[in-house]
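Protein sequences appear in the order of chains U and S. Position in the first sequence (from 1) plus 18 gives the number in my numbering. Position in the second sequence (from 1) plus 18 gives the number in my numbering.
No wet-lab data here; the hints were simulated from the structure. Some hints could be false.
Listed next, the in silico SDA-like pairs over lysine to any residue satisfying Cα-Cα at most 20 Å (straight line) [as the list claims (entries may be wrong)]:
no. : chain 1 : residue 1 : chain 2 : residue 2
1   : U       : K240      : S       : K274
2   : U       : K50       : U       : Q141
3   : U       : K272      : S       : R209
4   : U       : K47       : U       : G143
5   : S       : K274      : U       : F51
Selected chain S positions facing chain U (in silico; Cβ < 7 Å) [unchecked claim]:
no. : residue
6   : I192
7   : T212
8   : Q213
9   : A216
10  : A224
11  : T244
12  : I248
13  : M252
14  : E264
15  : L278
16  : F283
17  : E286
18  : K310
19  : R391
20  : L394
Note that the structure is predicted; figures quoted are calculated from it, not measured. We treat Cβ as the ideally placed atom computed from N, Cα and C, and that holds for glycine.
Protein chains: 2
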Amino acid sequence: MSIIQTDKEPWKAPDNVGHVIPCDYEHKKPLKFDNGQAIQEFNIRYETYGKLNKDHSNAILICHALSGDHHCAGYHEGETKPGWWDNMIGPGKPIDTSRFYVICPNCLGGCQGTTGPSSINPQTGKPYNQDFPRVTIGDMVRAQKILLDHLGITHIHAAVGGSMGGMQVMQWMIDYTEMVGRVLILASTARQSTQSIAFNEVGRSAIHQDPNWNKGDYDPDKGPDTGLAIARMMAHITYLSNRGLESKFGRDRKQKTQNLTDVEFEVESYLRHQGQTFVNRFDANTYLLFTKALDTFDLYGQKDDLRHAFQNVTARILAIGFISDWLFPPEENREIIQSLLKLGKNASYAELESELGHDSFLLETKEYFDLVRAFLD
Amino acid sequence: MSIIQTDKEPWKAPDNVGHVIPCDYEHKKPLKFDNGQAIQEFNIRYETYGKLNKDHSNAILICHALSGDHHCAGYHEGETKPGWWDNMIGPGKPIDTSRFYVICPNCLGGCQGTTGPSSINPQTGKPYNQDFPRVTIGDMVRAQKILLDHLGITHIHAAVGGSMGGMQVMQWMIDYTEMVGRVLILASTARQSTQSIAFNEVGRSAIHQDPNWNKGDYDPDKGPDTGLAIARMMAHITYLSNRGLESKFGRDRKQKTQNLTDVEFEVESYLRHQGQTFVNRFDANTYLLFTKALDTFDLYGQKDDLRHAFQNVTARILAIGFISDWLFPPEENREIIQSLLKLGKNASYAELESELGHDSFLLETKEYFDLVRAFLD
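Just chain U, with the same shape it has in the complex:
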């Protein structure tokens, strides 16, 4: 295990993957969920960058976090901001699209193109909403496997994911052991902590107590936006750190006001903006579904030990924890690797300095990027 301190030197990103068009795979067969329910067909939206080589050995699977999606690099038509991980993925970048074929699917249960609660249920002609089966991390991975089968990919060079994406890549190395060469786990956990469950429950309560919630049976244009925005504002604080917030906003005032509901501090303005922009791109039922998938994720299980889950793993694993991450703190990442090492697996752990909190896995520093590059090499 190594401890690596980053300097603050920004990483100069080479060019990006350019104009990208999302793809859809419509799977016309039933998908069975961990809870026994099934849907009769589903669509999975995804993006790919780079080219699959002749022996199909250069695929990298990217698994996104709670609020992420399949659009992690390049630009869609008309966009001015690239995908969410464009600093990491592209030609010459740590996840190098001139060498690797990168696939990023939108998660099952999502709201960005893959079938989820807001999709039309072909049996009723209406959105699934609360009739959508409860999704687990295992279900997400099962749907991704179906996509990879369709793409003719039988071997993944590496599965890479941060946060909820980290849970998915762990599930991959357990459920499809033989298929995964390398697993890169970033700012994740093998078991959602009590505090994280607690925060998610506040967010869920804000949603289902919104008058527009209507027991989940809302019109797409008239959802529980207020509750969802509050959930996001709160969650956003947990993605950052006290020190990061101090550096960025301190106690700077937006305006002088005597009105108790006005924005007063800059950090308040920032949070409200985060809440508002989130509701424009996210569905409340998906938010409930994904937070429950996180909360019920527990590789320790009844025996309170990771060794049972990890016993058959064959992949090389690197986990990276970030010092200021208090949502999925370094020790939870370290424990994953310690358990793998006890089983004699090829695993290593790195801990990086950063003041960005949980969101550090999206940061740009030379040390972090060199580490990812070297691990994939």
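Since the structure of chain U is provided, determine the placement of chain S on it from the hints.
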């Protein structure tokens, strides 16, 4: 400065102060607030325990936290649970009512008897609601000073407060320097952090986006209970610690359910209960007022230095920080004392182990209680 580790031995509390009746002092003169506004009269509700001695030298002032009140010891008629700090205050207890005359007022702007937003504005015959002037920690202290004048108390043996109460006792030692002999600051801060402002803003947003909010002009029986409950659920997490939550609830299930809005984990049930009981005893406008009083509290000021605020302080000061408190973390308490020591003041700092987070200042351990007792002696 000393670092003290507590063992886990529970403190056996002696008898309590028994049956107590709250008192009211109606001040029939105007009170001017820091923001220039005024109210024409106000009531301050308080409790006292013990007896004021002949030379009026044994008074201890207790300042309560955000959700606290004047009822900190003994029992009201019919109560089965005592006041919120009954383990600390009573005959033979660290704040020993057989020696000291203890006064605990409900804060100005509160909702437990002291004039606040839910009180009737004599000029309109209706509740002040949003017309109540914005309150600062300084305003709270000014109102307390008026009460002490009324009670004939010109010297305070000690002012004691945790969290928002800690801010008040610091304000006391600054604004009424000559009057205060000792100051005991528990789990507090000289300046609200950006992260704490951020969490408070989420709570405020939950309240003012509740349909019952009505711009603060709600009927007492039909307030924004949903928003207030959500605010409380979230805030409650910040009063605890991840480790404490793990110990208490872990991932224990309340019930098996597929419904995404049902209570599933024990911690969810606990939080919902916290939210619901809070709305039965607290007013949303007071919540907004008090969180803003916290957020705008800043003894560092423009010069980003505590020395200016503390230069005239004459009291003996002890601050206690708690290791697992991430809301008002140990370092923020330590900084208060460091600044006082640089000015040559009689100040000391102790840091205690506990897994109870911010709420640790309400804990019962022998070391903590011995420390408080010795400081007051």
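Structure-based check of all given hints:
At roughly 30 Å between alpha-carbon atoms, K240/U and K274/S are farther apart than 20 Å, so this suggested pair is violated. As the CA atoms of K50/U and Q141/U are separated by approximately 16 Å, the hinted pair is consistent with the 20 Å bound. At roughly 18 Å between alpha-carbon atoms, K272/U and R209/S fall within 20 Å of each other, so this suggested pair holds. Straight-line distance between C-alpha atoms of K47/U and G143/U comes to about 18 Å, which keeps the hinted pair within the 20 Å bound.
Between K274/S and F51/U the alpha-carbon distance is near 17 Å, which keeps this suggested pair within the 20 Å criterion. With a least beta-carbon distance of about 19 Å to chain U, the hint placing I192/S at the interface is violated under the 7 Å criterion. Proximity of T212/S to chain U holds as hinted, the smallest CB-CB distance being about 4 Å (cut-off 7 Å). For Q213/S, the interface hint holds, the least distance from its beta-carbon to any beta-carbon of chain U being 4 Å, beneath 7 Å.
The beta carbon of A216/S comes within 5 Å of a beta carbon in chain U, closer than 7 Å, and the hint placing it at the interface holds. The beta carbon of A224/S comes within 5 Å of a beta carbon in chain U, closer than 7 Å, and the hint placing it at the interface holds. Because the beta carbon of T244/S sits about 5 Å from the nearest beta carbon in chain U, less than 7 Å, this interface hint is met. Taken as an interface hint, I248/S checks out: its beta carbon lies about 5 Å from the nearest beta carbon of chain U, inside 7 Å.
A least Cβ separation of about 5 Å between M252/S and chain U falls short of the 7 Å threshold, and the interface hint therefore holds. Interface restraint check: E264/S against chain U, minimum CB-CB distance 5 Å, threshold 7 Å, status holds. Of the supplied interface hints, the one on L278/S holds, with its beta-carbon coming within about 4 Å of a beta-carbon of chain U, less than 7 Å. Satisfaction of the interface hint for F283/S is found here, the shortest Cβ-Cβ separation to chain U being roughly 5 Å, below the 7 Å cut-off.
Hint on E286/S holds. Least Cβ distance to chain U is approximately 4 Å, under the 7 Å limit. Using the Cβ-Cβ criterion of 7 Å, the hint placing K310/S at the interface with chain U is satisfied: the shortest such distance is roughly 6 Å. With a cut of 7 Å, the hint placing R391/S at the interface with chain U is violated, because the nearest CB-to-CB distance is about 33 Å. Hint on L394/S is violated. Least Cβ distance to chain U is approximately 32 Å, over the 7 Å limit.
Of the numbered hints listed earlier, those contradicted by the structure are 1, 6, 19 and 20.
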